[in-house]
Amino acid sequence: MEVNSSIPVLTPNNWNTWKRDMKAILMHYGCWRFNIKIEKDDPDVGSTYKEKYDFQLRNDRTFTHIYRHISPELKSLISDTTVGAVAWKLLKDYFDKSAGNPATR
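Quick note on our numbering: the sequence shown kicks off at 78 and runs consecutively.
No lab work stands behind these hints, which were simulated from the structure alone. Treat each hint with caution, since some may be false.
Unchecked claim - List of simulated lysine-lysine pairs, DSS-like, C-alpha gap at most 27 angstroms:
#1 Lys129 to Lys100
#2 Lys152 to Lys127
#3 Lys152 to Lys169
#4 Lys152 to Lys100
#5 Lys169 to Lys127
#6 Lys129 to Lys166
#7 Lys174 to Lys129
#8 Lys166 to Lys100
#9 Lys174 to Lys96
#10 Lys174 to Lys127
#11 Lys96 to Lys152
#12 Lys152 to Lys166
#13 Lys174 to Lys100
#14 Lys96 to Lys127
Claimed, not checked - Just the calculated beta-carbon pair ranges, DEER-fashion:
#15 His105 to Lys166: 18 to 24 angstroms
#16 Thr94 to Leu154: 26 to 32 angstroms
#17 Gly123 to Tyr171: 34 to 40 angstroms
Backbone N, C-alpha and C define an ideal beta-carbon position, used for all residues, glycine too.
With these hints in hand, go ahead and build the complete structure from the sequences.
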């Protein structure tokens, strides 16, 4: 099944709808587990080459999906990382603080 990954880019005004759409895309590609930390940060030392490759591929895919779907003025928020879970957290923290969410203060 093909998923439509053409969602609007993240702007300063659409975080709530964008994060739901992005979550669905990342789930479709098996990448959401990185953002909610079900997936370990690195495969075990005893992992096979294929397991390590698959892990790195999904980690890279997580970041690139996020990066490709944010507006140019917001890209600087995640420019210091290439890890999808870190990029997601940086964006979440930024928008939760901007919205005045007391849980993130």
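(request) Give me the numbers of the hints this structure contradicts, sorted from smallest to largest. (result) Violated hints: 2, 5, 7, 10, 14 and 16; rest satisfied.
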